[in-house]
Amino acid sequence: MKIKLPIKKGSPNTKPEIDFEKLVIIGANGSGKTRFGAYIEYQNSITTHRVSAQKILSFPESVSPKSKEIAEQEFIYGYYRSNLEDLHKTQMKFINRWKQKINTHTLNDFTQLLILLHTEEYEESLNYKEGRTQEKPKTKLDIVQSIWEEVLPHRKLLKRAGIIETIPTEQKHTKYNASEMSDGERVIFYLIGQVICTPRNSLIIIDEPEMHIHKSLIKRLFDLIEDERQDCAFVYLTHNVDFAISRQNSKKIWAKSYEGNNVWDYEILNYVSDLPEDLYLELLGSRKPVIFLEGNDSTSIDYHLFQRISSKKG
Numbered sequence: 416m417k418i419k420l421p422i423k424k425g426s427p428n429t430k431p432e433i434d435f436e437k438l439v440i441i442g443a444n445g446s447g448k449t450r451f452g453a454y455i456e457y458q459n460s461i462t463t464h465r466v467s468a469q470k471i472l473s474f475p476e477s478v479s480p481k482s483k484e485i486a487e488q489e490f491i492y493g494y495y496r497s498n499l500e501d502l503h504k505t506q507m508k509f510i511n512r513w514k515q516k517i518n519t520h521t522l523n524d525f526t527q528l529l530i531l532l533h534t535e536e537y538e539e540s541l542n543y544k545e546g547r548t549q550e551k552p553k554t555k556l557d558i559v560q561s562i563w564e565e566v567l568p569h570r571k572l573l574k575r576a577g578i579i580e581t582i583p584t585e586q587k588h589t590k591y592n593a594s595e596m597s598d599g600e601r602v603i604f605y606l607i608g609q610v611i612c613t614p615r616n617s618l619i620i621i622d623e624p625e626m627h628i629h630k631s632l633i634k635r636l637f638d639l640i641e642d643e644r645q646d647c648a649f650v651y652l653t654h655n656v657d658f659a660i661s662r663q664n665s666k667k668i669w670a671k672s673y674e675g676n677n678v679w680d681y682e683i684l685n686y687v688s689d690l691p692e693d694l695y696l697e698l699l700g701s702r703k704p705v706i707f708l709e710g711n712d713s714t715s716i717d718y719h720l721f722q723r724i725s726s727k728k729g
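Each position in the sequence shown, counted from 1, maps to that position plus 415 in our numbering.
Take these hints with a grain of salt, some might be off.
[Claimed, not checked] Once the Cα atoms are required to be at most 25 Å apart in a straight line, the calculated DSS-like pairs of lysine-lysine come out as:
1. K587 - K437
2. K419 - K587
3. K437 - K424
4. K424 - K470
5. K470 - K514
6. K516 - K504
7. K555 - K504
8. K481 - K544
9. K437 - K481
10. K666 - K630
Since the hints were derived computationally from the structure, they do not count as laboratory data.
Turn these sequences into a full structure, and let the hints steer you where they fit.
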């Protein structure tokens, strides 16, 4: 996918274009990553679905299906109106999904996600039952369940009408409503569902994808998600070095700071330096100055110089 990036600080200021399948925007806290992602969404609103870092992970105990058209629009735009024009879709997303605070609003759409998943499940099952389709359908909820169980093999999901339950594999006679899942289990379900329900050929932006997820699960989770949605391009906003490194074959941008007025100080990384990628990215995420010491024993000139600098600072 090819998009225009925000204005880049410099002389003269530039607004570069980038072509990518996966893009990782990495920077320290406060470097303007969320605003960067919101800017990209706003400029490509119709084809973009953004998942905020600030979100309410309240898994509803039960939901009721609606018409598929209504469920899809409420999930994508936070609002339904028949025959929406593209301009109105952008406005509705800004007003209803983001409550006119595109950079800071806490997203609360778990219910809309579950309604869409159950609606599509119900409609596809009816199409099969009524003979409108010949093959047994593989629904979006089936895909979410499959990926979730592969990432969390110690748990299984049980689907019922409007309800999802969780079953520990070691205690098959014990089950509980999915609303009682742990934060990690809920956010994994939420992220998979968000991506699976995004329209085809979209740009998907995920802010702080690593939040609430154990680092041992992150790579596997997003490998499976990306493999399932090869029609989409992904943008990740993160300060987590391990996650950034895990997105192989991705292009990376170092977000240094937000300068105001939709101008950022950032750099498109090309790795011409001799530093290994993991160390390079580690330094990018640090706001403290870094001193390289070549010597490693008390005979080194660097060693004595550093001692004098440290004693003066103390």
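Practice task
Please write out, lowest number first, the hints stated earlier that are contradicted by the structure.
Solution key: 1, 2, 4, 9
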